[in-house]
Structures are given as structure tokens and as C-alpha cells.
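Trainee: Residue strings, one per chain:
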Amino acid sequence: MISTPDLIESLVARAAPVRPLRSPLARSMGWLLFAALILALIVLSHGVRPDLGLSLRQPQFVVSNLAALLTGVFAAVAAFMVSIPGRSRNWLLLPVPALVVWMSTVGYGCLTSWVSLRSGELRLGDEAGCFAALVLTGAPLSLSVLLMLRRAAPLNPTPVAISAGLAVAGLTAIALSLFHNHDVSVWILFWSVGTVGLFVALGGLFGSRMLAGAPH
Amino acid sequence: MSSRSREIGPELTLVTETTSAAHPTGGPAAHELDWTIFMARSQRGDRDAYRRLLESVTPYLRSLAARTFQARADVEDAVQDVLLTIHAIRHTYDPSRPFGPWLAAIAHRRIVDCLRRHGRARGRETSIEDEHETFAAPEANLQEQASDGRVLRQAVDELPPGQRDAIRLLKLEGLSLKEAAVASGMSIAALKVATHRGLKNLRKLIGDPKGKT
Numbered sequence: 001m002i003s004t005p006d007l008i009e010s011l012v013a014r015a016a017p018v019r020p021l022r023s024p025l026a027r028s029m030g031w032l033l034f035a036a037l038i039l040a041l042i043v044l045s046h047g048v049r050p051d052l053g054l055s056l057r058q059p060q061f062v063v064s065n066l067a068a069l070l071t072g073v074f075a076a077v078a079a080f081m082v083s084i085p086g087r088s089r090n091w092l093l094l095p096v097p098a099l100v101v102w103m104s105t106v107g108y109g110c111l112t113s114w115v116s117l118r119s120g121e122l123r124l125g126d127e128a129g130c131f132a133a134l135v136l137t138g139a140p141l142s143l144s145v146l147l148m149l150r151r152a153a154p155l156n157p158t159p160v161a162i163s164a165g166l167a168v169a170g171l172t173a174i175a176l177s178l179f180h181n182h183d184v185s186v187w188i189l190f191w192s193v194g195t196v197g198l199f200v201a202l203g204g205l206f207g208s209r210m211l212a213g214a215p216h
Numbered sequence: 001m002s003s004r005s006r007e008i009g010p011e012l013t014l015v016t017e018t019t020s021a022a023h024p025t026g027g028p029a030a031h032e033l034d035w036t037i038f039m040a041r042s043q044r045g046d047r048d049a050y051r052r053l054l055e056s057v058t059p060y061l062r063s064l065a066a067r068t069f070q071a072r073a074d075v076e077d078a079v080q081d082v083l084l085t086i087h088a089i090r091h092t093y094d095p096s097r098p099f100g101p102w103l104a105a106i107a108h109r110r111i112v113d114c115l116r117r118h119g120r121a122r123g124r125e126t127s128i129e130d131e132h133e134t135f136a137a138p139e140a141n142l143q144e145q146a147s148d149g150r151v152l153r154q155a156v157d158e159l160p161p162g163q164r165d166a167i168r169l170l171k172l173e174g175l176s177l178k179e180a181a182v183a184s185g186m187s188i189a190a191l192k193v194a195t196h197r198g199l200k201n202l203r204k205l206i207g208d209p210k211g212k213t
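So the sequence lines, in the order shown, correspond to chains A and B. Note that this note's numbering numbers the first sequence so that position 141 is 141, with each residue one more than the last. Note that this note's numbering numbers the second sequence so that position 73 is 73, with each residue one more than the last.
By construction, these hints were calculated from the structure, which means they are not laboratory data. Take these hints with a grain of salt, some might be off.
[What the hints assert, rightly or not] Chain B stretches covered by chain A per the calculated footprint, using a threshold of three residues with CB under 8 Å from any CB of chain A:
no.	stretch
1	32-44
2	65-78
3	83-90
4	102-109
5	150-163
[What the hints assert, rightly or not] Using C-beta positions, here's what the derived DEER-type ranges look like:
no.	chain 1	residue 1	chain 2	residue 2	range
6	A	Arg151	B	Ile37	18 to 26 Å
7	B	Gly123	A	Ala16	36 to 44 Å
8	A	Val62	B	Arg124	54 to 62 Å
9	A	Ser104	B	Arg67	39 to 47 Å
10	A	Arg151	B	Ala73	30 to 38 Å
From a predicted model like this one, the values you see are computed outputs, not experimental measurements. Just so you know, even glycine gets a beta-carbon here, dropped at the ideal spot from N, CA and C.
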């Protein structure tokens, strides 16, 4: 084993100037801008669903999407904050209230439109489009947040990766609600909870490993 | 991870609220302003400041690691791990914020990692210390059996002369059959028979229950 003074000398010899990372808040805002750009591009290329104007007048739709947006924004801030050593881990709790509201509106929607579930027709063709929107939004967002977080080389990657997954999930859910009409409650539940579950699980399973591979 | 990190001992006290007045003896908080300045300079490539920073955090890191590890080598291992991490992620330090919490979080994390690594290593390895200088077989550690050699020689002496010579030459002195035949004047076949009978008799004389030679 090399002696500690020798190690210090070798580190000093390799001490090239480094550019300090921007503040986590600025970095999360940068990523959110990128996410907004992706959403705008998809809207431009695919157009929004025809009844979006009508949906925007439904309080439940507005509250649910607002909560999803806040979940995404706060989870992104939390992920970037906690990726820096020495920042409080309480940041991880930031997206929780919005997440609770979001999931409750989804659950509430399910309860109130239970009748429409039975009478509604399930068109499976639409779900393929939904899946495309999910991949188109989720993939670039996941990749970009992963790359940005890798630069911070978080010491404890799992909570960071799970937060990042939640951020991607919130924003992807908004993308889905812009393009696809989920009046059938079980599909709302499936897509909202499924999206959260999917990205949080992806973050927990793979994100932490990919972040842990960052240089130490 | 939080439950794990709680295992390694008292929480680090290096926080911004702690003033240097609270540590008149020059504890870590007393150095914190220096460290913050050194680190900010190091990020700009000032090697002198970097050397002073690393040299001055080392005793603090050592005292942290010593709370968890007893062996000196383990402590140094953890300290070096923290130093390497500081080097690798020094760009994540924000010079406008205090250095203490940043350093403490890295130290904390790396010490826990070292602890885990040691835990895993302990599951697979047995370290050999001075007092362990012996053999793995339990019989080897029994003092009484040190006299086995004497017992064996006595038993060999009690054998009939032909068998005694054969055993001595072939088994105790380790000669080949040909060399033993020349030395004893017996034929190779006779030597083989004598050895076989001699070993059988020895087993009886020594009374080895397993019948091993």
C-alpha cells in the first residue's frame, strides 16, 4: 500500500484546474428547460389531442396535471440537490406532497368514473400511441438526467436515481395527458401509476448502478 | 443507507453553525475557513493550496476513521479512500458554501463503504496474525501429539529386524527401493513385503484407530 503522504503528493501532481459545477438549482432548471423543449417538440410534431381545451376546463384534469408537473419539478430539484455531497437529504421529501396529490386525483378519478369503466370501450389501438409518447418523452429525459447526475458522481446513488425516476415520470405523465385521452379510468390509473412505477423502478435498478460507475 | 450510516458512530459535528470559538483547541471547525479557501484555490489549479488542504484534512480524517477501525492499516486505507474521492469529485464542491459538510459527507460515505468491504472480506478470509502461526488441522495444535515422533521411533525399534530396516530405509530416510536394496542387501521384492508387514505391525503397535501410516 502506498503511504498517505506519497498519495497526497501524487494527487497534488495531478491537480489540474477544475470548473466547479453550477448550483444544483441551476442545473435542475437547465434540465427542466430541456424537458420543456422535448415536450414542445413532440407537441409541434404530433399535435395535441383534440379535446385538450375541454379537458383543461375540468378541475380534476388540471389538478392532476399540475400535481404531476410539480412532482416532476420538485423531484428533479431533489435529485440534483442530493447528488452533491453535504446537501441535506431532506430535499428528497420535497416532491412527496405533490406526488400524494397527484396519485390521489388519479385514485379519485377512478372512483368517480367507475361507471364509465364498465360502459366505456377500451380501444387498444390508442395504447400503442400512448406507448410511443411514453418512450419518446421518457427516453431522452432519462438519458439526459442520468448524464447530468453522473457528472456530480453522487456518493449515494440510489435515492438520487429514484428521485430522477420520479422527475421523469411526472413530466412523461404530462406528455401522455397532452396526447392521449384517458377517459376510461382504469387506463388513467394504468398509465399514471405505471409511469411512476416504471421510471422509479428503472431509476432504482439501473440508475444507481450507472451513477455508481462514475469516477471516484 | 441512512440506517447503515448511523451504525458507524456519532454523527459528524462539522457543521456550519459550529464556530471556531467552540473549538479553542483547533478542531476541524477551526480549520474550516482555511479549508474552504484552500479548496477554492485548488479548484483553480493552485497545487500548493491543494497540498496544504490534503495535509491538513488528513489528521481529521484519520480521527474519524479511527472511530470505526482499530487496525492502523484499515484506518489508513479509509483515509486514502476519502482523499482519492475528494480528488475525483473536487469539482462538486461549491466555493460559496462551507467546506465542512462536503468533506464530512464524503468521509462518512467512504468509511461506511470501507466498513462494508471489510465485512465482506471477513466473510471470506481469515487473517493470519502472529498468534495464529500454526496449522489449520486441529490435531496440529495439540501439544501432547508433539511426542508422536518418539512413539513412532520406539515402535519401529520393536519391529523384527528385516521389517525395521525396511521401514527405516524406505519410510524414515526416504530412500528409493533400489537404493534401499543396495544398502540392506535385500531384494526389492523382499523389501516390499517387509515394508508392507512392517507398516501393518506399526499400526498394531501404535494403535491408530484409523489405520493410517
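Trainee: Given as covered by chain A, does the stretch 150-163 of chain B meet the bar of three residues or more with CB within less than 8 Å?
Mentor: violated (count 0)
Trainee: Three residues or more, CB to CB closer than 8 Å: is that satisfied between the stretch 102-109 of chain B and chain A?
Mentor: holds (count 6)
Trainee: Establish whether the coverage given for the stretch 65-78 of chain B by chain A is satisfied; the threshold is a Cβ-Cβ distance below 8 Å, and no fewer than three residues must meet it.
Mentor: holds (count 3)
Trainee: Quick one: see if chain A covers the stretch 32-44 of chain B, three-plus residues with Cβ-Cβ under 8 Å.
Mentor: Per the Cβ count (3), the hint holds.
Trainee: Between B/Gly123 and A/Ala16, is the Cβ distance one that fits in 36 to 44 Å?
Mentor: holds, 40 Å
Trainee: Please check whether A/Arg151 and B/Ala73 have a Cβ separation lying inside 30 to 38 Å.
Mentor: With Cβ atoms ~34 Å apart, the hint holds.
Trainee: Between A/Arg151 and B/Ile37, does the C-beta distance stay in 18 to 26 Å?
Mentor: holds, 25 Å
Trainee: Taking the beta carbons of A/Ser104 and B/Arg67, is their distance inside 39 to 47 Å?
Mentor: About 45 Å separates the Cβ atoms of A/Ser104 and B/Arg67, which means 39 to 47 Å holds.
Trainee: Could you see if the CB distance from A/Val62 to B/Arg124 stays within 54 to 62 Å?
Mentor: holds, 58 Å
Trainee: Verify the coverage statement for the stretch 83-90 of chain B against chain A, using a C-beta to C-beta distance below 8 Å and requiring 3 or more qualifying residues.
Mentor: Since three or more residues must qualify, the claim that chain A covers the stretch 83-90 of chain B holds, with 7 doing so at under 8 Å.
Violated hint: 5 only; the structure is consistent with all others.
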